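Chemist: Residue numbers (my numbering), protein chains in the order written: chain A, 1 to 348; chain B, 349 to 696.
The set of hints was computed from the structure by calculation and includes no laboratory data. Note that the structure is a prediction, hence the values are computed from the model and not measured. There could be a bad hint or two in this list.
[What the hints assert, rightly or not] Pulled a few chain A residues facing chain B out of the computed Cβ check, cut under 7 Å:
(1) Thr278
(2) Arg285
(3) Ile288
Glycine included, C-beta positions come from ideal geometry on N, C-alpha and C.
Number of protein chains: 2
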Amino acid sequence: MTNTKAYAAFNTKDPLKPFDINRRESLDTDVAIDILFCGVCHSDIHIAHDDWGMTVYPVVPGHEIIGRVKAVGSQVKGFQVGDLVGVGCMVDSCRTCSACQQDLEQHCEQGMVMTYGSEDPHMPGHMTHGGYSTQIVVDQDFVLRVSEKLDTKAVAPLLCAGITTYSPLKQWNIKAGDKVGVIGLGGLGHMGVKFAAAMGAEVVMITTSPEKGNDAKRLGASAVLLSNDEAQMEAHAGSFDFLLNTIPVAHNMDPYVPLLKLGKTMSVVGASPVELHTMGMIFGRNVIAGSLIGGIKETQEMLDFCAEHNIVSDVEMINMQDINQAYERVMSNDVKYRFVIDMQSLKG
Amino acid sequence: MTNTKAYAAFNTKDPLKPFDINRRESLDTDVAIDILFCGVCHSDIHIAHDDWGMTVYPVVPGHEIIGRVKAVGSQVKGFQVGDLVGVGCMVDSCRTCSACQQDLEQHCEQGMVMTYGSEDPHMPGHMTHGGYSTQIVVDQDFVLRVSEKLDTKAVAPLLCAGITTYSPLKQWNIKAGDKVGVIGLGGLGHMGVKFAAAMGAEVVMITTSPEKGNDAKRLGASAVLLSNDEAQMEAHAGSFDFLLNTIPVAHNMDPYVPLLKLGKTMSVVGASPVELHTMGMIFGRNVIAGSLIGGIKETQEMLDFCAEHNIVSDVEMINMQDINQAYERVMSNDVKYRFVIDMQSLKG
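Okay, chain A solo, but in the shape it has when bound (with noise of 0.2 Å):
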């Protein structure tokens, strides 16, 4: 066991206080990472706080983790000492059910193991803590190469945001040419409108924040949609080849399905109770389909992409003790478009 400086939730309530967890002894085939940067995702303030009636007190939250290998195992093929690594939301799953078989791990019909707050399957009787720490343990096949040529604390966020958007841009075969909606303006639709952009589609940011316009336009959108305006919702009826709807609380999905052209796809990727009349999805021959994450072959992939296309997250960086505000102002939108905690700040 190694003891690791983390920060931990206890309750539902109260802040995010310093807590020492054990790591466990790296096994032949485990990568031990020091952890550089962690992004906070808002699934770590819902854990924290219980909204999903599933949390193990206490919590370590993280899944967006950036470091550095400092010892492998035996059997580790592909990592050495010194490599930059990631981290995302899961850490191990069955690897034999259909779904991992297809490279779906987050489906494993056992259950990924995730990050944090799983059972941990090596540590029984103990949860699973996530990256709000100096160092983590976990199998070489849920590590994942990170460039060097990328900002190293900006990639932290694309393990979980960045491959949540990019999974389904693949999933439903974006093109060149494309015309992609990115339905609200946070963490998840950024990188949407960069990953859409960079695929080559036309990307239209579709928001109720005129003054969300300037910085779309910014991150690769060619033009920003008002869902509020009836009228600009009319000009662009039918014209879409995708929706990417990253909107993270209840909403009214209406006003969105007709702007898909005939038989064509939106996307969903926030957990939420939505308002739906079937009609329009009727009358358009439309799909509107759920995606999670991204497996771990297509997460690399993901990375790459970003090396190739030097797409980063636009990040905030904060200190592990600002954790508590930071929540406060992601609960209250007010972050572009990630926090990222600096790790050093938690070794010192």
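Since chain A is already given, all that's left is putting chain B on it; use the hints.
Modeler: What follows is chain B alone, placed relative to chain A:
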């Protein structure tokens, strides 16, 4: 003009009453049809009652029409006097738009010309009138060939209830061995069960009504799943290759989505407001898709499939004069499974 007996709705509340309409003189490309039977679709009632806010009165409903050719225009090919034919929900479309070119005339960008309730392109200032009448004149490209092998009166509902359920099963490539759930056992659902069974699928009828169990099995279902029985629903979780949702009223979709296997689809054919939490479709990588009747080419394919597999609707015959009582019974879901009007009753 040909004076023609019909039954029409004159306002939202009064019973349907006799009404004389004019059918156009046949054009060179027209088929004049002596109507034998017309099915009673729930849409007829919605339009008669102006539930969708689009009705122009008086309106003659009816879009499940079976009849015999009584005259053909000089350029008509493939139809002869005496032929048994059908007319469904559409009588024309622009024929040149992208949707029409894809044999999806129901999604014509100019709007399909509906069998009733559309502006009649051949009679400016008049609306089209449907099959609650003794004859109709239709362009040959929107007339379907009907096999003499089948029980003719029971073929009528295939023109709407049939194609509406056949089309999504084909679009989503249902094949022998697939496990298919049909949700809702009414006019549409009972056809969905018959089609899916004829395609070789293992069909499960999903309903809230235990008393429908025996009927569902007679129609071709191998099992009945009571959607309000949580233990039964849990036992079937993640096991379906496809769900055909025929529920015609407001409902909660959340119990159904988790029945699907990873990545699989629920097709929805009923236009209604629904409750939906996207969590289920995200964690199942599932798809919810809309489907609207079917194109003319596919409708002919469906009729040919029915002739090959000896499939017709289960019908209860009525006279034209009984239409108002029939509407009451449809609204209280008291019909197995489709009323069909014997048009002889209007000719006497």
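Chemist: Give a verdict on every hint.
Modeler: Against the structure, the hints come out as follows:
1. Thr278: holds (5 Å)
2. Arg285: holds (6 Å)
3. Ile288: Hint on A/Ile288: holds, closest Cβ of chain B at ~5 Å, below 7 Å.
Violated hints for the displayed structure: none, as all numbered hints are satisfied.
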